[in-house]
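Whenever a hint applies, use it, and build me the whole structure from the sequences.
Protein sequence lines, in the order shown, are assigned to chains A and B. Mapping of the first sequence onto the working numbering: position 446 corresponds to residue 457, and the numbering continues sequentially without gaps. Mapping of the second sequence onto the working numbering: position 671 corresponds to residue 682, and the numbering continues sequentially without gaps.
Be aware that a few hints might be false.
Because identical chains share one entry, a pair is satisfied inside a single copy or across any pair of copies.
BS3-like, lysine-lysine: derived pairs with alpha carbons at most 27 Å apart [as the list claims (entries may be wrong)]:
#, residue 1, residue 2
1, Lys133, Lys301
2, Lys620, Lys464
3, Lys133, Lys118
4, Lys472, Lys620
5, Lys58, Lys332
6, Lys464, Lys278
7, Lys400, Lys432
Bear in mind the hints are in silico, worked out from the structure with no lab data behind them.
The lines below spell out each chain.
Protein chains: 2
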Amino acid sequence: MFRSLCRTLLLFVFSMSIVAQSAMPGSQSILGFSTDSVQTQRGLEAKFDGYLKADNLRDWLKRLSARPHHLGSAYDKENAEFIAAQFKSWGYDTQIESFDVLFPTPKSRLVEMTAPEKYTMKLNEPALKEDATSGQQDEQLPTYNAYSVDGDVTGPLVYVNYGRPADYEELDRNGISVKGKVVISRYGGSWRGIKPKVAAEHGAIGCIIYSDPRDDGYYQGDVYPKGAYRNENGVQRGSVMDMPLYPGDPLTKGVGATKDAKRLDPKSAPTLTKIPVLPVSYGDALPLLKNLDGGVVPDAWRGSLPTTYHFGGRTPTVHMKLEFNWDIKPIYDVIAKMPGSERPDEWIMRGNHHDGWVNGADDPLSGQVAMMEEARGIAELAKTGWKPKRTIVYCAWDAEEEGLIGSTEWVETHADELRQKAAVYINTDTNGRGFLGMSGSHTLEKFINEVGKDVPDPQVKMSVWDRARARQIVDGTPQQRQEAMSRADLRIGALGSGSDYTPFLQHLGIASLNLGFGGENGGGSYHSIYDSYDHFTRFVDPGFAYGVAMAKVGGHSILRLANADTLPFEFTNFADTVSQYVGEVTRLTDTMRDETKTSNVMIANGMLKNVQDPTEIFIVPAQKENVPFLNFAPLQNALTKLQESSRAYQKASTGKRLPAAMQKTLDEILFKTERALTRTEGLPRRDWFRHQIYAPGFYTGYGVKTLPGVREAIEQRDWKEASEQITIVSKTIEGFAAEIDRATKLY
Amino acid sequence: MFRSLCRTLLLFVFSMSIVAQSAMPGSQSILGFSTDSVQTQRGLEAKFDGYLKADNLRDWLKRLSARPHHLGSAYDKENAEFIAAQFKSWGYDTQIESFDVLFPTPKSRLVEMTAPEKYTMKLNEPALKEDATSGQQDEQLPTYNAYSVDGDVTGPLVYVNYGRPADYEELDRNGISVKGKVVISRYGGSWRGIKPKVAAEHGAIGCIIYSDPRDDGYYQGDVYPKGAYRNENGVQRGSVMDMPLYPGDPLTKGVGATKDAKRLDPKSAPTLTKIPVLPVSYGDALPLLKNLDGGVVPDAWRGSLPTTYHFGGRTPTVHMKLEFNWDIKPIYDVIAKMPGSERPDEWIMRGNHHDGWVNGADDPLSGQVAMMEEARGIAELAKTGWKPKRTIVYCAWDAEEEGLIGSTEWVETHADELRQKAAVYINTDTNGRGFLGMSGSHTLEKFINEVGKDVPDPQVKMSVWDRARARQIVDGTPQQRQEAMSRADLRIGALGSGSDYTPFLQHLGIASLNLGFGGENGGGSYHSIYDSYDHFTRFVDPGFAYGVAMAKVGGHSILRLANADTLPFEFTNFADTVSQYVGEVTRLTDTMRDETKTSNVMIANGMLKNVQDPTEIFIVPAQKENVPFLNFAPLQNALTKLQESSRAYQKASTGKRLPAAMQKTLDEILFKTERALTRTEGLPRRDWFRHQIYAPGFYTGYGVKTLPGVREAIEQRDWKEASEQITIVSKTIEGFAAEIDRATKLY
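Next up, the structure:
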């Protein structure tokens, strides 16, 4: 009956909240602003909105995507100079900062099947008459994975699904070793650099990655040029450096890749792959897949090619020969500042990369042109006499595609200054039609929720926040639905990796957000020559309405952060989310304990073996060590402290305003709370990653691991390390709570 | 903590039960047998097992599948005569009973795409050199769906996924009507006859059904002849009569189709389709599917063909022209009896059909030859002087494929005698390598579990029951795992329809079981010319070991039922399962109530509309009437009575033996309990189906609906009927409990 009552109550809240939300825009308070400054700020935002023009986005996108502009290309430099010139012309104090970084490009690429039949891969994306820039073959980078090592290998082929550790456990159960063999993995399920890393750990000698049409092709929708999706020749280029170890130039870990920087020998750079790896189209993959021998793969491994998917292991034989030019190339970051009038040493930072793999209309220019229009709007405000309290810094990064290189090298170069001054970093990347996506530091969750509530959706009469919430309610899991219906704020995602927030958030502990619209911009142009102006304006954001919406979300965020009386950090939401993480890691050991016990019994009594088809190979896995009970008490106590401190700050600060002289002190305590979530020693085996709450997974790459020290130790069944990490992260959280207490004491 | 304790306890039970189960065979009691007769019975079963020879199964399968043997064919009659001759030669009192039934066969078949391009379907399964009987084209039935009406229709094509009612709701939301159009549905998700039925209800003028390789083709495994699965030319023939209305000859509902039976005019027969329908291969379907226009279908609708799946609605245009010979054809049921020595008027019945769509090696001959060897084994026992207490009746049915015609006509003809005498009916059909599947009346659950525990698996050193249980534990859902670990018996499935148990169980209320091995016999020969001796002996049960295992399970079942002192009905398991059904229908209204409320709110406040992509068509569905609270108290009270009566009988009967004179009275009460679960009025709108606990779903066909009167009324949102049906089924259950009480009083 309790359950039924709960539901009814929830429905009631839900019906009411529709009314409450729609009454919100324009009328309420703004986090960090005193009551008397709210109206001024809203006026400023309205004025800002009035400056924004979709045509600017269109013109810039066309111009910037007119030629291939990858790291080291002529047009990459031209674009940096063009962007810098715009910022300069709007009045920003603008610099181009250059670094010299390792950038391999293909000298030769060969993948061929030599038995049982002969097939040489085309490795070529053809020009299409429907796509004006697709024929610029002289300037296009060939299809390849950057930071693959050179290699000339021949061996039988094994299909490894997504190439994650769990996929190799499945191979083990089926008696298939990849030792001395070439693996073929489909894209998806992890950051692409994980695939050759795990393959090499298991003894593979080469790695092919292809785009299966199940995940990225005709299964999803009509293929280009009829529709938006990847056709049989489309290839996803991409970096395969071991980014979860450290991003940026592989030769200059932790320091800026300046002219004189001390560099590693490329041969010993730890983030290069251990085996040669190349991405291919599904057109090129099919002949090989058709020839795989051995058992049929499990259901979850099967893609959408018209063939039966097999493990392989003996057939076919594949020969890969890859050679690269191991060049050092210059990159160009554009840094544009508007100094703060009151608190110039508090930096509100904003960034989006400008380099693409080829023409890069969607990735990254859709975000870049929205950010430029946002910056222009703010510059227009400045022309009217308005000045930001805090310094605004716009960054157009180079070399993101190769491994967040432009942002990482810049952050590493300016680390000391950033530690002192950087209050918040807001990142964007690709942007398209659809729903507002929000991820980042949960101390900024309430802030960014408020911003979203005040920006109207371009297609539907409601705020972009209301539409994002509606989607969670209509299409979400029961849990998401319930939370979206009952919680005041939408829970923002945690950041793993995959764009330029990583050095800010995870290396230096600068509170960060990653924002972007999407979900109605489906397509398969990612990292191919077909990510073009023509593709973008047909399928991604035809009228640039979501580019303008992004400029509004970005602009309002920057204007609020720059103008607020007090920086809009909020800690009860953070505490709420951390309590979820603590619950997850605790339950994880319980689940693993039960599963291990059950699995060990089933192995011991022969049951697992006995249900297998005896005509097929099945290798019974070894029993696993039982999962001990870990002492989570320190973490639970730290969480309690965090919750108390968060509530105390909320209570102390609500409705009160500090004297102007103390605001700066308060600000500094607030924005440095995120620093307290880092440790100089970093995470086990990867000291570059210092954040103790958010990290990209060591074996997932893009995918975040929250409380990473504890969670990954548990996942790796290293109970000793898990216990140590519980102590470490508990202290970190306590330290963070102490910083909140310092802020509370100011009131 | 409760949860964690539960788990630990469960693991303990689990570890212990391994020991308990493996000690069971041979040593324990047998349900229905007094302690002193158990050893004799076990001796008999051991002797019986010794008679069984795999070579017999092989020889008969080869002989019976040597030529096409569908209803009305020369070889169908020859097979019936051959089977009858075998039974006769083993000493059974054997008859062939013949009926005359409506059987349409194709006169002409044409399906062509006329726009935007021209394609005429091949509608042909080619001969393969690897398959000796595949070239018998003169005798093969063409690929078609029996009981489709004639038609000549042209219209645009719409893809309707599996063609179930819910699929049309999805079409509605996407603004697509099938009115005046031809639909193409994939096989699966429901009994095939549902597809044209629901299509016609929505105004479609024609229906194409194809086998998508996702469900039945290369996605599953290598295709024939390389592997076992359906190749691009394979077609699933099959009946599309409206079997959930009534099975059997469409012209003689409820009565045997004897020479003089009163027959409906074929034009008014209600179980014929309303629109022309034809099955096709995926090779023939692909050109049409590639030309579908309109939006992309939802993820769950997409198959494995190398194309993007669209709804269609305007393109392509399809022309179907079908004409049939509407003949009356003779069918031949073989009925073989071995009279009981003590209780000849209690019939233990056993059946398997003998007709196939073409050569039918797997379907149905795999089950047929196992049953024949079982019958021969029992005849061998009889030669040693043993005689069954009760009469054993073996039945080899004709015309099952067209709609359970052979069994239905025979049951309808002999209804009065069967109501008096039939104690139990055990059905088999296809049989192959793998795991024992058990479904049927839950009053026989404990009985059939016991049988399974005493038959060794041919591949693994454990009983077939232990292996079935192991599979539920290893591969089952958490719920199945928990139940298999903690419950003494495996819960058997409920019977919907799809084989010859239907007239026995659901028309007359004769307790029935359906048994068969499978799960390691994957393949796609079903209802095609490739269901051949060659295919079967390569892929389905190469050594006939599972045919012999089936003969053991069937033989032990028949021997126990025929010999038991008391018929082995048991009611606490039945009560346990009914209590699950009652819980399900109760929760169903709760779930529907919540969903309706939430959905109505989302429709009313515009949220549902607002999350849709505005560039695509989306028709907001109408709000639904709120779900009232129904009075389930009568059902809950009846369930309580059932549970009490079951326990009382268990208590009264355990360890006790009635005087011989009363045994017969007890038997009759026991086997007629299942009659008490039927009502002469039948189910709403389908009076032929009289069972109140089990029925095939009106809109699923194969899939069972338990407590069908109540459940289907709720699903159809007919609250008045639901309340009426709650009263009816409650009285039925109370009547059943009263019968148990009668049995209890005999002790």
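Outcome of the hint check:
Both within a single protomer and between protomers do Lys133 and Lys301 lie at most 27 Å apart by alpha-carbon distance, with minima of 17 Å and 26 Å respectively. When the C-alpha separation of Lys620 and Lys464 is checked against a cutoff of 27 Å, the pair qualifies only between copies, where the shortest distance is 19 Å, while the shortest distance within a copy is 56 Å. Taking the shortest Cα distances, Lys133 and Lys118 sit within 27 Å of each other inside one copy (16 Å), while across copies they are farther apart (50 Å). For the identical chains of this complex, Lys472 and Lys620 are inter-copy neighbours only, at 11 Å across copies versus 59 Å inside a copy, given an alpha-carbon limit of 27 Å.
In this homomeric assembly, Lys58 and Lys332 never come within 27 Å of each other (Cα to Cα): the closest approach is 58 Å inside a single copy and 67 Å across copies. In this assembly of identical chains, the alpha carbons of Lys464 and Lys278 never lie at most 27 Å apart, being 51 Å within a copy and 64 Å across copies at closest. Within a single copy, Lys400 and Lys432 get their C-alpha atoms as close as 14 Å, which meets the 27 Å cut-off; across copies the closest is 96 Å, which misses it.
When the structure is compared with the earlier hints, violations turn up for hints 5, 6 and for no others.
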